[in-house]
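Chains as they are written, first to last, in the working numbering: chain A, 3 to 136; chain E, -1 to 454.
Honestly, the hints are just simulated from the structure, not real lab data. Using N, Cα and C, we set each Cβ at its ideal position, and we do this for glycine too. Check each hint, because a few of them may be wrong.
[Claimed, not checked] Derived list of chain A stretches under chain E, where covered just means 3 residues or more per stretch with a C-beta under 8 angstroms from a C-beta of chain E:
(1) 26 to 32
(2) 46 to 56
[What the hints assert, rightly or not] Covered by chain A, according to a simulated footprint, are these stretches of chain E (three or more residues, beta-carbon under 8 angstroms):
(3) 109 to 116
(4) 133 to 139
(5) 209 to 217
(6) 367 to 375
[What the hints assert, rightly or not] Computed cross-link-like contacts, SDA-like style, restricted to lysine to any residue with a CA-CA straight-line distance of at most 20 angstroms:
(7) A:100 x E:323
(8) E:415 x E:435
(9) E:415 x E:404
(10) E:415 x A:102
(11) A:100 x E:149
(12) A:100 x A:70
(13) E:415 x A:69
(14) A:100 x E:405
(15) A:100 x E:82
(16) A:100 x E:326
(17) A:100 x E:407
(18) E:415 x E:292
(19) A:100 x E:151
(20) E:415 x E:314
(21) A:100 x E:343
(22) A:100 x E:410
(23) A:100 x E:354
(24) E:415 x E:350
(25) A:100 x E:412
(26) A:100 x E:122
(27) A:100 x E:121
(28) A:100 x E:350
(29) E:415 x A:104
(30) E:415 x A:103
(31) E:415 x E:354
(32) E:415 x E:121
(33) A:100 x E:152
(34) A:100 x E:408
(35) A:100 x A:69
(36) A:100 x E:322
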Amino acid sequence: MEGRLQGDPRPSGRPPVRLTFVAAVVLVAALAASVLLSANEVRRHVAQAVTHDSRLTPDERRHAAGDRLGLDPAPFDAFRLELRPRERYAVDVPPGAKGSFITRGAVVRGYAAFYFLPAIQVARTDRVFRYRFR
Amino acid sequence: MRMAALLAANALMLVSGLGLLPLLGIARSWRLLLFRCGLAYLCGIVLVGIVSAHLALVHVEFGWIGLGLLAALSLGFCAWRLSGTERPVWRRPDWIDAAGLAALVALTIDFGRAFRVAPLNRYDAWAIWALKGHALYAFGWADPVVFAGASYRFANLDYPLLLPSLEAVDFRSMGAFDTRLLHMQFLLFLLAAVLALFALLRDRVPSLVLWLSLLALALAPAVFDQLLTAYADLPLALVFGVGVGAAGRWVLTNERWALALATFCFAGALLTKNEGSLFVLAVFLGLVAVAHTRWRVLAVAAAADVLLLLPWRIYVHSHHLHDINYSFGDSFDYEHVRGRLGVGPIAFRTLAGQMLDPQHWGLLVPIFVLLLVASLLTGARALPFFALVWTVVAWLGLSWIYVISRYEYSSYLDSTKERVVASIVVGSAALAPLLAAESWARLSARDRGRARVGAG
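Can you build the whole structure from these sequences, using the hints too?
Written out as structure tokens, the structure is:
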């Protein structure tokens, strides 16, 4: 310690730095660092999301999920216009390419199930939604 | 107008939650009700979620009338239960609490700019959650034609209905299937959870440490990103996290209300997502490990959670619904497991990397680990061991899912790793302030002891 001879057995005149104080400073500094680090990062995420999403038109918003999947919205919109709530329909779509988990055809069936609600998708019926990959 | 309706519905949820505080023993007087009223909003959201999810199974629609009845019942119960008890006394609010609350409000408003314009475009959000929410809104109940329909198996039909039911309540309140404003409910989940953690821990943790911890959690980029996807993982993590915080408090103080709150939140977690079962099991293992002498109340808590999950499990069983991603039964398929055992360590490491990634979670997990070690070094046992047991069991359990799944592991891990760890990180972040307070108390006691010895 500065100003003291090594091995001097007399107690220091200054109070010892308490462990609780050091621990508290370290903890508060770490938490503050986490807050600042995250705030700096999330600020960009918020700005990006606002900039991108606030520009979407109602049409783009309605087809946002299909657009992300690269699906043509026109057949979906045309078929939905003719559907009534709780009406049964089937989907005719080729299997398409296999993705990580399911085929493109299964994705179309899933998206149709979501997009055509409250009409109800069944395996077989006269009313059929046809979709072909370009 | 729709936004106003959504906020009004949430105000009724908050009122509904107020009545739950005396019921769970959280508030035994008006003074305590005011002191812990921050818990009311999350409790209300979970209560409405649980009630509407159960009613959806028996063909009962839950909308404005249901919300109004629940809120009125709640207020009436509150007034009856607390009549004649100690009234609150006005005190000048702590300036750190005031600053923290102001920061939380500012954060909510800032995040709100993104949430109120977000499109519903992420796969699970529309294919699982919003699809079911829309079906509940359109048909008024969990009509098996959709909820057990062969054409809808892709939508993880065995996932429980708390979140879709809550979405359906919102759609009924707004009078429309609004895929844009739906996102606001996810932001409100965050607000409710942070307020709940504040109310839960404010008398155990110094204000500065508590608010820095809460803001570190709320500002974590993964929290914003994942809530914005409208997936169930973050709502699950937030509800579960409050439950973990309450369980941690119970470990330290043996207050019955803390365990009651934890049990209630765990019921919410169980009814939000199947993975909730793993996390809740991990926490109960942790509780049994450190509080086995209190096994009777733990058994009652576990039984209450099982009971609340039971109606949904009966529905799942009666309609022969199965998890399409994995089955824990495959753990006993020796050939399958033997061929994929190598996946375990890879998943374990990958998930650790996710939890430690500062660009996703800030320093939440390193701080938690630091506090866990500090707590052990200062001589604390129950709380750090509880924290250690449940986090390790949950982490191992998540890794095991990748072993038993039939999917190609790298794709499955890549597409889910960011979000599956949310419950572990949020639960750890909820325990961190308690660990800090526990270590602080022990260090202070040691300092005081040394000072006394020095003086003597």
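Verification of the supplied hints:
1. 26 to 32: holds (count 4)
2. 46 to 56: holds (count 6)
3. 109 to 116: holds (count 5)
4. 133 to 139: holds (count 3)
5. 209 to 217: holds (count 5)
6. 367 to 375: Held - the region 367 to 375 of chain E has 3 residues with a Cβ nearer than 8 angstroms to chain A, which meets the minimum of three.
7. A:100 x E:323: Holds, at about 17 angstroms.
8. E:415 x E:435: 31 angstroms, violated
9. E:415 x E:404: Within the cut-off at roughly 16 angstroms; holds.
10. E:415 x A:102: Satisfied, since the Cα-Cα distance of roughly 15 angstroms is no more than 20 angstroms.
11. A:100 x E:149: Between residue 100 of chain A and residue 149 of chain E the Cα gap is close to 19 angstroms, so the pair holds against 20 angstroms.
12. A:100 x A:70: Distance ~17 angstroms between residue 100 of chain A and residue 70 of chain A Cα, so the pair holds.
13. E:415 x A:69: 24 angstroms, violated
14. A:100 x E:405: Since the Cα atoms of residue 100 of chain A and residue 405 of chain E sit roughly 13 angstroms apart, the hinted pair holds (cutoff 20 angstroms).
15. A:100 x E:82: With a Cα-Cα distance of about 67 angstroms, the restraint between residue 100 of chain A and residue 82 of chain E is violated, given a limit of 20 angstroms.
16. A:100 x E:326: Between residue 100 of chain A and residue 326 of chain E the Cα gap is close to 26 angstroms, so the pair fails against 20 angstroms, i.e. violated.
17. A:100 x E:407: 16 angstroms, holds
18. E:415 x E:292: Between residue 415 of chain E and residue 292 of chain E the Cα gap is close to 36 angstroms, so the pair fails against 20 angstroms, i.e. violated.
19. A:100 x E:151: At roughly 18 angstroms apart (the allowed maximum being 20 angstroms), residue 151 of chain E and residue 100 of chain A satisfy the hint.
20. E:415 x E:314: 27 angstroms, violated
21. A:100 x E:343: Answer violated: residue 100 of chain A to residue 343 of chain E is near 28 angstroms, above 20 angstroms.
22. A:100 x E:410: Holds. Residue 100 of chain A to residue 410 of chain E sits at ~15 angstroms (cutoff 20 angstroms).
23. A:100 x E:354: Outside the cut-off at roughly 33 angstroms; violated.
24. E:415 x E:350: 10 angstroms, holds
25. A:100 x E:412: 17 angstroms, holds
26. A:100 x E:122: 18 angstroms, holds
27. A:100 x E:121: 16 angstroms, holds
28. A:100 x E:350: Violated, at about 30 angstroms.
29. E:415 x A:104: Since the Cα atoms of residue 415 of chain E and residue 104 of chain A sit roughly 19 angstroms apart, the hinted pair holds (cutoff 20 angstroms).
30. E:415 x A:103: 15 angstroms, holds
31. E:415 x E:354: With Cα atoms ~12 angstroms apart, residue 415 of chain E and residue 354 of chain E stay inside 20 angstroms; holds.
32. E:415 x E:121: The given pair, whose Cα atoms are some 15 angstroms apart, holds under the 20 angstroms limit.
33. A:100 x E:152: Roughly 15 angstroms separates the two Cα atoms, so the pair holds.
34. A:100 x E:408: 16 angstroms, holds
35. A:100 x A:69: The given pair, whose Cα atoms are some 19 angstroms apart, holds under the 20 angstroms limit.
36. A:100 x E:322: Holds, because 17 angstroms separates the two Cα atoms, which is no more than 20 angstroms.
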